[in-house]
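Trainee: Residue 23 in the working numbering sits at position 23 of the sequence shown, and the numbers go up by one each step.
Everything labelled a hint here was simulated from the structure, so no lab data went into it. A quick note: this is a predicted structure, and the numbers were derived from the prediction, not measured. Please note that a few of the clues may not be correct.
Beta-carbon label-pair distances, calculated as ranges [said to hold, decoys possible]: (1) 11 <-> 89: 27 to 35 Å; (2) 147 <-> 11: 35 to 43 Å; (3) 79 <-> 7: 24 to 32 Å; (4) 119 <-> 99: 16 to 24 Å; (5) 137 <-> 179: 46 to 54 Å; (6) 145 <-> 24: 22 to 30 Å; (7) 119 <-> 73: 29 to 37 Å; (8) 146 <-> 78: 30 to 38 Å; (9) 139 <-> 104: 34 to 42 Å; (10) 180 <-> 123: 19 to 27 Å; (11) 133 <-> 45: 54 to 62 Å; (12) 95 <-> 74: 34 to 42 Å; (13) 133 <-> 175: 33 to 41 Å; (14) 132 <-> 108: 32 to 40 Å.
A virtual CB, placed ideally from N, CA and C, is assigned to each residue, including glycine.
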Amino acid sequence: MPHIPPDRHDGARRAWIARHEYTFGFQKRRAELLNRQIRDRARALAVAVPDPHDDKVMDPILARIPGTATAVGAVDVLIVAIVSLTAPVGWLAGYGLYNALIRFIPDRLRSYPIPALLWTAAALGTCLIGLYEQGDSVAQLLVGPWILAQFPATFLAAGVYGILNGWLAVDGSAEWWPVTPPTPEDDPTLVIFGPDEVTSPAIFHSARSING
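Could you build all of it, start to finish, from the sequences and the hints given here?
Mentor: Encoded structure:
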């Protein structure tokens, strides 16, 4: 059996992707890949094996191009073509940044920091627009902005990857930097004092508290 990545809220993310995939084939493939990953984990833990016929996953976009005859497949190819032309470096760097960040989940981060990435992309884009000086040649007018756009595109792509991979279904994804709460191993006072009590006292006492 191939290496199975740790469970990073796979069930919640798969359900979110399946409900919001609409007509995008690449989202359907994401849901199927997560579903197969969940089933591989179930095979490793349980004696009852899931039906292997349910592990069928849609082919990647490049493998579907020769047989693409529907508008759905054409939309997928069009989106990939536009992103490849406008921000190829930012796309690849954003994908690498996404994979680097999810390695911290759930040990250091409890969710994916979507707002931090999107706002960083917006801030970088605004700064580059303000600092950019227009050149005289056509190459400076086209190539210069295209190169500069790869920097904010990196963080934008990483944030979009977080949305496409279903991290909006996980608590903490709307926070700027969702740090994992400390455990008793990290902070021994959690065992001594325990967490803060935020529940108001009950108006009526239960039978157990009266008899106890």
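Trainee: Looking back at the hints listed earlier, which ones does the structure fail to meet?
Mentor: Hint check: 8 and 12 fail, others pass.
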